[in-house]
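Using the sequences provided together with the hints, build the complete structure.
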Amino acid sequence: MTAQGSQLRFLVFVGSVRRNGMAARVGRFVQKLLETRHHSVEVLDPKELNLGEVIQPLHFYSNPRQVPAILHHINEKIKAADGFVVVAAEYNSAISPASSSLMGNFPQSSYVQFFRKTEGKFGGIRAAMQLRQFLSELRTVHVPAMLVVPRVHETILEDGEETTGGYLTRAGDTMCRQLAWYANALKKHRESEDTPD
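Going from the sequence shown to this note's numbering is simple: count from 1 and add 5.
Any given hint could be a false lead.
[What the hints assert, rightly or not] Derived Cβ-Cβ restraints for the label pairs, each shown as a range: (1) 65 / 186: 20 to 26 Å; (2) 105 / 171: 30 to 36 Å; (3) 23 / 64: 24 to 30 Å; (4) 200 / 24: 37 to 43 Å; (5) 156 / 12: 31 to 37 Å.
[To be verified] Keeping only pairs whose Cα atoms sit at most 25 Å apart, straight-line, the calculated PhoX-like set for lysine-lysine is: (6) 37 / 84; (7) 82 / 52; (8) 82 / 192; (9) 193 / 82; (10) 52 / 192; (11) 37 / 192; (12) 84 / 52; (13) 37 / 82; (14) 52 / 37; (15) 84 / 192.
I should point out that these hints are in silico values taken from the structure, not numbers from a laboratory.
Since we're looking at a predicted model, the values are computed, not measured.
Yeah, the Cβ is synthetic: ideal placement off N, Cα and C, and Gly gets one too.
Written out as structure tokens, the structure reads:
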């Protein structure tokens with residue numbers, strides 16, 4: 006039980022497939038942050054999912070039997086989740102193709118919170134603003150707080166541990182509280198009323 010309600014199920018979308026990229030380590034940091042609050046967390050890493058042959062979103066198939074099994078599998082995880090965290094890599098001041106490709110393959114979801122990361126001094130904030138618009142098209146609700154991680158190659162280790170003496174954990178705590186509050190509220194409302202078209 007959390008302060009905001011029962012244990013919640015979160016999916017963490019990792020937004021990079023680059024070799025030696027930093028998004029996976031941020032994904033591990035996010036996973037640990039949510040698990041310390043007693044939530045169930047699963048990381049969806051496009052590098053591990055290997056969606057290279059997926060060329061059509063799940064909801065564009067006219068024959069459900071033609072949908073690749075991996076899309077069905079991921080879609081079931083999305084439908085079962087209470088909320089989402091997007092670890093948004095910033096490529097050339099924009100959303101990474103891995104983020105838009107992975108999330109764009111599925112029907113409109115319900116709500117989201119997102120973390121951003123980059124190696125530069127801006128912490129991915131430029132991609133974050135674009136990501137808000139992209140996620141709105143997926144019918145998501147964004148919580149107000151976000152965690153910007155500048156110079157991730159210096160602040161988060163490969164295993165997801167931070168090197169900032171707890172600064173990122175403290176900064177992420179507000180975001181996690183807001184995420185749990187919104188996720189609980191939306192979960193309770195969905196139990197009594199269908200999501201509108």
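Here is what the structure says about each hint:
1. 65 / 186: 20 to 26 Å: violated (34 Å)
2. 105 / 171: 30 to 36 Å: holds (33 Å)
3. 23 / 64: 24 to 30 Å: At 28 Å between Cβs, range holds.
4. 200 / 24: 37 to 43 Å: holds (38 Å)
5. 156 / 12: 31 to 37 Å: Since residue 156 and residue 12 have Cβ atoms about 33 Å apart, the given range 31 to 37 Å holds.
6. 37 / 84: holds (22 Å)
7. 82 / 52: Holds - the C-alpha atoms of residue 52 and residue 82 are around 17 Å apart, at most 25 Å.
8. 82 / 192: holds (15 Å)
9. 193 / 82: Roughly 19 Å between the alpha carbons, so the hint for residue 193 and residue 82 holds.
10. 52 / 192: violated (30 Å)
11. 37 / 192: Given that 25 Å is the threshold and the Cα spacing comes to 22 Å, the pair holds.
12. 84 / 52: Since the Cα atoms of residue 84 and residue 52 sit roughly 21 Å apart, the hinted pair holds (cutoff 25 Å).
13. 37 / 82: holds (19 Å)
14. 52 / 37: With a Cα-Cα distance of about 20 Å, the restraint between residue 52 and residue 37 holds, given a limit of 25 Å.
15. 84 / 192: Holds. Residue 84 to residue 192 sits at ~12 Å (cutoff 25 Å).
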